[in-house]
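Student: Take the two lone chains, each set in its own frame, and fit them into one complex as the hints suggest.
Chains as they are written, first to last, in the working numbering: chain V, 2 to 196; chain P, 4 to 619.
If you are wondering where the hints come from, they were derived from the structure by calculation, not from laboratory data. Just so you know, even glycine gets a beta-carbon here, dropped at the ideal spot from N, CA and C. You may find that some hints are simply not true.
Said to hold, decoys possible - Mimicking DSBU-like on lysine-lysine, the simulated pairs with C-alpha atoms at most 30 Å apart in a straight line are:
1) P/Lys560 / V/Lys181
2) P/Lys576 / P/Lys553
3) P/Lys553 / P/Lys412
4) V/Lys181 / P/Lys285
To be verified - Short, incomplete list of chain P residues facing chain V, as computed with Cβ under 8 Å:
5) Thr35
6) Ser39
7) Thr73
8) Arg159
9) Asp160
10) Glu219
11) Phe225
12) Tyr262
13) Thr289
14) Ala301
15) Ile316
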Amino acid sequence: MPEDPEVNQNRFGTGVGNNTQRRLGNVNDQSKCACSCGCITAEDPRFAELKSYIDSLNQEQGITMPVLQEAQRSFGYLPLEVQKFISENTGVPLAEIYGVATFYSQFAIEPKGRHHIGVCMGTACYVKGSQKVLDKLVEELKVKVGCTTSDGKFTLEATRCLGCCGLAPCIMIDDDVFGKLDDVSRIPDILGKYE
Amino acid sequence: MMTMVDLNGLKAKALEEMESEGTLRVVVGMATCGQSAGARRVMETLKKDVAELGLDNVNVAVTGCVGMCTYEPILEVLEPGKKKVTYIRMDPEKTARVVKEHLQGGKPVLDYTVGHDHAGNLKNLEDLQFYAKQERIVLRNCGTIDPENIHEYIARDGYAALRKALLEMTPETVIDEMKKSGLRGRGGAGFPTGLKWGFAAPNKADQKYIICNADEGDPGAFMDRSVLEGDPHAVLEAMAIGGYAIGASKGYIYVRAEYPVAVERLKIAIGQAQEMGLLGRKIFGTDFSFDIEIRLGAGAFVCGEETALMASIEGERGEPRPRPPFPAVKGLFGRPTILNNVETYANVCQIILNGPEWFASMGTERSKGTKVFALGGKINNTGLVEVPDGHQAARDHLRNRRRACPHGKAFKAVQTGGPSGGCITAADLDTPIDFDNLVAIGSMMGSGGMIVMDEDNCMVDIARFFLDFTVDESCGKCTPCREGTKRMLEILDRIVAGEGTMQDLENLEDLAENIRLTSLCALGQTAPNPVMSTMKHFRDEYLAHVQDKKCPAGVCKALLGYVITADCKGCTKCKRVCPVEAITGEVKQLHVIDQALCIRCGACFNVCSFNAIARN
Ligand SMILES: Cc1cc2nc3c(=O)[nH]c(=O)nc-3n(C[C@H](O)[C@H](O)[C@H](O)COP(=O)(O)O)c2cc1C
Ligand code: SF4
Ligand code: FES
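The following block holds chain P by itself, in its conformation from the complex (with noise of 0.2 Å):
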């Protein structure tokens, strides 16, 4: 049982551990991204050599991610009283030199800093763009605390919002509060959180259920990964706030198969909360008791679904269910349920701590607070911001167009909301983002994954790919979703293979109506949306592959033809390189490729010095 006093004295006892006098504090960022990026092989070299040097006053930790997978592994040295370091892409190597040149010799190392201004000053993290322009609230903790230590949650507040929920408001003020905060939900269809947890909460039963939707199953999307790595108390905590509000006693967080690092991360902050009574019974000295239990996926992405996740949950094929009766009437094993997306809960906490005003005053009209995007693709600055809905996240990344993507490619589309989204075009991009407006301009914001494609990616070809997804992931209860996507997707499959007719093109936009308007579930209510968008915005490139057979992104392999022309040197590259044998010709000769040999792999194209072989 745990008082009030309790949780301010170990706040400042945490606070002093991190902050105080003469330590130096360096974390390592060791999310998956971190970790794929060699962050481990990096914490060991720390951890080695800093015992080796036997430099007491060094304190490592583990943190989650800032957001910036460019820079992986990325390695901080905090001091008490000056500015923080930030070291980019680092390895065992440049880390063995920061030990001894920063750490033991007090000189920050500027090769591997981020750089430096004008006046020579160290510049960090902060101080880049990317991230200078970001709010962060659900971030708010990613990167900087270790998110396997529970007095460094409780250090920045960590817990103070359930104890102020507890001892000082009613369950109906909580959502009160959440109702006129404006928060929407973060899982897709942005459904107001309060409105939600505000039906669940009358309705009588024996046990009523919270659940967190962490099967973020949008490719491209890895915002809920990034927090549950970086910060799972605050979605614990926000959980243990939504059973005060709506009278649950028990919660589930349905954590996807694909998440290692984020259960790992789950399972010790769980145990940790419960080994303090901060989940468990009579939390704070109250009535109220609480506790979580992770779930795991399996590899299903119709199990994002809330009816399909509960199916999940309860033992069952994910399929969904029709409603009503909705999740707050009956939902889990028949029972009132409230369920909430990982974006969503990380926003609750700040909500409750700094009221409803303070987050209703960012964002837009209709949307509050701020949205974390995904930046993924051909984009040469990846990873996650965070900035108040309607923001220009993707615009102000895609801003100099001609820089946005890697090698100088030139800007094409960005895709959102995953394989039930769509595609925004550089004419829409001064449309602000919300949950509005891009359902107006053809795609939606889903999960908020923005995938940048260049002018090497064929829009066909993309369509085609989210089908594909589709096809595959339709649970098969409902004859459209399945047989249509089904029927739609042979359809483009003949159109990248050169044997669409402009009658295809009809029949595409039939089915995509029928399967719309008779599916069950959003998985199947929405799979045209990716062709249907791409139709519209890119026509030209569906008539290039239904009417003169050609590719323009040069992708489909079936439209490809590769010849040599009159440039060629006879420098017997291309010969050398083409698995086939399908390029003859002697040295200082022009070459020829044997068309009917030629598989269309392109790899004459890549590695031809002079420009000399063609694509049509």
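Only chain V is shown next, with the shape it has when bound in the complex (with noise of 0.2 Å):
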């Protein structure tokens, strides 16, 4: 479901205001699978994986969340060929895991970098001028917000309150937050840490 990245910029220029917009869901773009990374094949290892993490919940109510969770854990993403191999194996109608897979923001049915960028945009952050840290990364990084980078290595986006609100302005790469910064000459060196 490619976005024109036009359409989405607010305010910020970030893209943050697009998850309503894919909430209300727009299902026709999705035979354009954005899968350029060779594409998954039926026999791809983590479906037999998926398969077994299924059947281990198997007990219980509400699995869905866990089950997308897992998914996009393994596979980075949602193409339309894991919801379908999981609504296959959980007997959740398609509909409904599309319809779940797009609510959440967290959710991702295009590919993203190898590592996860969000810069901070609650509050806190905000007023201390989040905007600066955003608009370094573009440079860095050249992409727009939103997007991946060309060499896969980096996705950016913008997220929400990190709870880290007493560090503000900060960012998180991965499951790593980094705060304190105000001084955005220290975000290439954080960057450069990266493979």
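Tutor: Below is the structure:
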């Protein structure tokens, strides 16, 4: 579902505001599955792993979210093939799986980079200049917000409060939070640590 | 299966390990905040150097966050019979010196401590105003115990409340005591906890549920994260007590995915509690069984709303459901369910142990106990403070308003209640802060986040910031919330672009009223609050944008213009820094900005050494 970055530009120029649009859904674009990564084939061993994860949960109620989370962790995103597979193996209708996958901002329908950068756009960070941090990252990585660098290394996104407001402005790279970034000149060094 | 003796024995043993003669206990704050400030490197150095020097009497432990973010990373040295030493803003080099001079040599390194009094006595965190005025119930273990070690929790009376409830109290007395304590929910609405539990208890069902709301969506609030990372067992134990009170055997903790450290600590805590039989079947040899499962959110603010949260656990889109039926009657999977906030639970064990009268003796008439506030934004002392409800957290910290904000900027307002709240201006700072008073002045408590704004923050821009948040986070179920907030955002977009009219201001008020009255959940109902509140308190700023086409705080780019005044010395600094080459001029000559090229980034304004660039 390629999103036209122009359409999604809100006042940050960040595309923070595109969730609602995504949530309300636009199913037609699904055919253009965005796997530029050599495609996930049916033989991919990760399907078998996902299957055994689903089986391990069998007794429980409400497994859709945990299964989608596990699938996203393993595949990095949730392309149509994976959604179909989950639907077939859980008995949850595909429409419902798609509905859930597009409702929550942390599920991705398109592939992401190896590392995920989330720039906190929570209030504390915003008043302390997170826009400058975001601008600096856009400049350093030469990508638009919501997009992945051409080498597939980083995906840059604006995110919600990271709960580290006392050290605002903050960013999160994968599971690590970096605080006190008022001094944006620290950013290249931080990025340099990632492979 | 555990008996009373076991718990007491374990407590004694754990205490001995933590405080035995001759050992030095060294703790490093390793919550998300500490880690992001560099605590991990401090910890590595500490462990390495202690090992290399063979200091067998040094006991290194991880702790959560004491709530003083400005001072992170924090390292503390505790020695039985001596005053605790607090080292602040540590890094690996400083740590190496502390290991050598203090841990090995026995002499504290004064340079890195928080200071000393007139007599030269070393001060530690507890001596600071910021800490000394607090009353710690919810945060009592945060920054003190190792959250990954259940024994340290037991050393601080952990699981004694659960034992007391199971062995000495009936479910009815537990609920009675909660009612008597006057505890009100800390998740925002302030609903009396005992009353809520009382609703669920009599309902018959094959299964009931206890849920902990750890979605903490209010941007700027981080007390729940701090509790989960610093004292996870306190929440687990309280959930078990709640389960006993209403007759539930299963609990869920719904944690937002942005909190990986909290999730990890919870997993460890649940595992340890299960292993010791403090969760699971037949707890303390009674017939009561209780287990807890973690569920992760996936980035939707509305899932903090209780019915949406349950929908999410059930595996659906997190859309709120109409109430009634209330969750106490028909909640998760259609069964009676009690849902409380993390901070609410963190009070429960202490109420059971110390009695409801003790709890009710603190706070204001209608809000008992304490409340944790998260201070953030343009304030020097960022962090968590726990004070009796209604006490003056913000005012204390802003009393000297000229010194409160960084870089000597002037205080403008405090925003409370996040995207559902409003602002408190200097004039209202004298109002005691509790649930009811905040509503009376047009804001709300929310979860206790307080973001301080200074003269450089434009209130129209802030209002737009919050609306953008709600537009983004509205689940889309109700038209007024989905479309109405979008229309309000469009109007604000026009205003900050200098295209607003007086009619726009009226339309904002009309829309706000409609959205407030016709939305299903509190997200929609309260979405207009930030706009209404800023319009009420900072109408002049709105008028400046609409009538004079100016942004007094200099934030809204479309309304800014930069010109170079006669003070220009021709140093060429601005010319070099301008990213679009809009500035021309020769060395030692007056420079000019080409307004057609200028993108209003303010780079020249920030670099000029002669105050020769004017913003209008
Ligand atoms: C849009 C919305 C978001 C909410 N977010 C949270 C949240 O993040 N954490 C929370 O504890 N309560 C949140 N609440 C309040 C919950 O619905 C619920 O009232 C609360 O968790 C009950 O717990 P308490 O009685 O212990 O306060 C939210 C409510 C709404 C309407
Ligand atoms: S008020 Fe908004 S967030 Fe709440 S249910 Fe309606 S559309 Fe969803
Ligand atoms: S606002 Fe950025 S971490 Fe909370």
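Student: For each hint, tell me whether it holds in the structure or not.
Tutor: Now for the hints, and whether the structure bears them out:
{"no.": "1", "hint": "P/Lys560 / V/Lys181", "verdict": "holds (25 Å)"}
{"no.": "2", "hint": "P/Lys576 / P/Lys553", "verdict": "holds (27 Å)"}
{"no.": "3", "hint": "P/Lys553 / P/Lys412", "verdict": "holds (20 Å)"}
{"no.": "4", "hint": "V/Lys181 / P/Lys285", "verdict": "violated (48 Å)"}
{"no.": "5", "hint": "Thr35", "verdict": "holds (5 Å)"}
{"no.": "6", "hint": "Ser39", "verdict": "holds (4 Å)"}
{"no.": "7", "hint": "Thr73", "verdict": "holds (7 Å)"}
{"no.": "8", "hint": "Arg159", "verdict": "violated (24 Å)"}
{"no.": "9", "hint": "Asp160", "verdict": "violated (27 Å)"}
{"no.": "10", "hint": "Glu219", "verdict": "holds (7 Å)"}
{"no.": "11", "hint": "Phe225", "verdict": "holds (4 Å)"}
{"no.": "12", "hint": "Tyr262", "verdict": "holds (6 Å)"}
{"no.": "13", "hint": "Thr289", "verdict": "violated (25 Å)"}
{"no.": "14", "hint": "Ala301", "verdict": "holds (3 Å)"}
{"no.": "15", "hint": "Ile316", "verdict": "holds (5 Å)"}
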